[in-house]
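Since the structure of chain A is already known, use the hints to place chain B on it.
Next come the chains, spelled out residue by residue.
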Amino acid sequence: MTININFKSKFAITLIMCISLISIIFFSLTVGIAEIPVSIVARSIINVMPFIHFDLTISNNWEQIIFDIRLPRIIAAGIVGAGLSCAGVTYQGVFRNHLADPYLLGIASGAALAVTIANYFVPPNILFSFLWIQLFAFFGGLLVICSVYLMAFIIDNRNFSTIILTGIALSSLCTSLTFFLLMMQSTRGLSILSFLFGSFNTADWNVVIYTAPIIILGIIFLIFFGRTLNILQIGPEEAKTLGIKTHKMNMLLIFVASIITCSAVALAGIIGFVGLIIPHLCRLFFGNDYTKLLMFSGFIGAMFLILVDDSVRTIIAPREIPIGAMTALVGSPLFIYFLFIKSNGHDL
Amino acid sequence: MNFKTSLAIQNLTLYKNKIKILDDISLELKEGNLISIIGPTGAGKTSLLRTILQFEKINDGSIRIFQKDMKKLKLNELAKNISFVHQSSFLPVGLLVNKYVLFGRNPHLGFFDTESKIDYKIVEQALKKVDSLQFIDRELTTLSGGEQRLIIIARAIAQQTPIMVLDEPAANLDFALSAKIMNILKNIAVKERKTVLIATHDVNNAIRFSDYMCLLKHGRIIKQGTPSEVMNNENIMDLYGASAQITKDIDGNTIVSTKYN
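So the protein lines, in turn, are chains A and B. Letter 204 of the first sequence, counting from 1, is numbered 204 in our numbering, and no numbers are missing. Letter 63 of the second sequence, counting from 1, is numbered 63 in our numbering, and no numbers are missing.
Bound conformation, chain A alone:
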């Protein structure tokens, strides 16, 4: 049994999610290499609020850490977490397979390969250098997804298992090409390698303002297609008799989810596990309604990745653990625990 949500409780849950997200962001502002007391964070936030003038003096240094280093990084982690989770939900819905995730069709590998290539050609400190990297990531990811679709079309007229198989093949190809490129040039290779395992330490305002709108708009777009995703679950032909252009919808949804995935990869490298586990966690709690799943896995994905990024920043500070490794380390036991609770017949 899952929680039966009517309109009122849906609103309540959304409110609870918003409050928890904001408190997690607030908490995350206090942790890091430099421990900043809660009171200082609160004061500095009040300081930047419009219409309120308390004239609280705070060390300039701390304010800089809070607003120029931590906040953009936290926002980046949040939108990447939300984006990957929603993309995961969408892929699972479109492929009607709960094992699908954003990296299944090789989008991430394609984007990662393109980012690696971009790192050789785009000098790191030119204007809009991140924009270039993001464009490369889009190009790489979409090139892979288009060729997957095209090949599957030629081989087997878009049979879904053929799409997945060609996706896996191309994904491996891109991964090995990436490593090949990395080995060719060892000096910069290492920094790219650590980026590919996932990291938010390059995230600043420049990066966030390019990525956040794309991912957030993408998520809102997907939420509007919640009903369509629900109906697609009963199978392509019956969905068609209910007035849904099955094939066009599948293409559109995959495209939007891929754009989100590409932006996430451009921002933070490959962060596994989030796009697979957060949707499942939400399924356990909220059932299989895709509108709810998209909304709530967006929130929970954001919170999860912000918290994991906190631990990444602090555990072996001043060094960092690759976040891709950390998500699995934290997430797997948690997820298995919830599976056990579910199988014991307890209502969640």
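Bear in mind the hints are in silico, worked out from the structure with no lab data behind them. Incorrect hints may have been included.
If you want the footprint, here are the derived chain B segments under chain A, 3+ residues with CB under 8 Å [unchecked claim]: (1) 11 to 17; (2) 104 to 117.
Restricting the straight-line Cα-Cα distance to at most 35 Å, the calculated cross-link-like pairs of lysine-lysine (DSBU-like) are [as the list claims (entries may be wrong)]: (3) B:K80 <-> A:K10; (4) B:K72 <-> A:K240; (5) B:K18 <-> A:K248; (6) B:K74 <-> B:K186; (7) A:K10 <-> B:K30; (8) B:K259 <-> A:K245; (9) A:K245 <-> B:K16; (10) B:K259 <-> A:K240; (11) A:K248 <-> A:K10; (12) B:K68 <-> B:K30; (13) A:K245 <-> B:K217; (14) B:K71 <-> A:K245; (15) B:K128 <-> B:K80; (16) B:K117 <-> A:K240; (17) B:K129 <-> B:K30; (18) B:K191 <-> B:K117; (19) B:K186 <-> B:K57.
This structure is a prediction, so every number in the text was calculated from the model and none was measured. C-beta: ideal position from N, C-alpha, C; glycine also.
For chain B alone, coordinates are given in the frame of chain A:
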């Protein structure tokens, strides 16, 4: 009473992988009628239904819905005119019955619309018609096979289409439930003046509840007409290649049973 033609199939021919599946089919379906297609396995019953639903591309001939060429109808228009119940529907885990039946309202909703109270009312009415209102808050996959079948039919009813197409709606169910489903479909056809088209293997129920029967073999219609017109020994021998015994029960219903020496 004067019944309008709702669906007219003319000289329909269909090839799949260069094999002729349907051969020169002409059939007129009228409002207020329950029409059964019977025939041995592989006769092309399902293919005929699939063609009507535009899952297959017609090689020759035409299908008209209320005088309109079907090819020119948009998918959403088609969904407002024909509802369909699959031979074996896939039911997602964890889906509630009322949400599933609500899917039937999709063709009537715009992209930004959400389901209104009227839609939920229609869902309730549809469930009432199949006598399953008590399951409205249950999870679909926790119901038994027969109960699920009724819910799937309720989804098609909630679609409120003038034409309903059902592929073996009463197969693999106990004989009481089979008759119940046929009776529900017959009632919908008669009371709401809808066209209900089914493919079935259950000859006796088809005879009992249909207004019109269509005997399909090797992709061809060998006979069509009212049950009493087409149901004789000769036609059954033709259709199934088995000799049959046709009797009447106490209530006057025709019973067909196979005869083996």
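Taking the hints in turn, this is what the structure says about them:
1. 11 to 17: violated (count 0)
2. 104 to 117: holds (count 6)
3. B:K80 <-> A:K10: holds (31 Å)
4. B:K72 <-> A:K240: holds (16 Å)
5. B:K18 <-> A:K248: holds (28 Å)
6. B:K74 <-> B:K186: holds (29 Å)
7. A:K10 <-> B:K30: Violated. K10 (chain A) to K30 (chain B) sits at ~46 Å, over the 35 Å cutoff.
8. B:K259 <-> A:K245: Cα-Cα ~49 Å, so violated.
9. A:K245 <-> B:K16: holds (23 Å)
10. B:K259 <-> A:K240: violated (43 Å)
11. A:K248 <-> A:K10: holds (30 Å)
12. B:K68 <-> B:K30: With Cα atoms ~15 Å apart, K68 (chain B) and K30 (chain B) stay inside 35 Å; holds.
13. A:K245 <-> B:K217: holds (33 Å)
14. B:K71 <-> A:K245: holds (15 Å)
15. B:K128 <-> B:K80: holds (21 Å)
16. B:K117 <-> A:K240: With Cα atoms ~25 Å apart, K117 (chain B) and K240 (chain A) stay inside 35 Å; holds.
17. B:K129 <-> B:K30: It holds: about 22 Å lies between the C-alpha atoms, which stays within 35 Å.
18. B:K191 <-> B:K117: holds (25 Å)
19. B:K186 <-> B:K57: OK: K186 (chain B) and K57 (chain B) at ~30 Å, within 35 Å.
When each numbered hint is compared with the structure, violations occur for hints 1, 7, 8 and 10.
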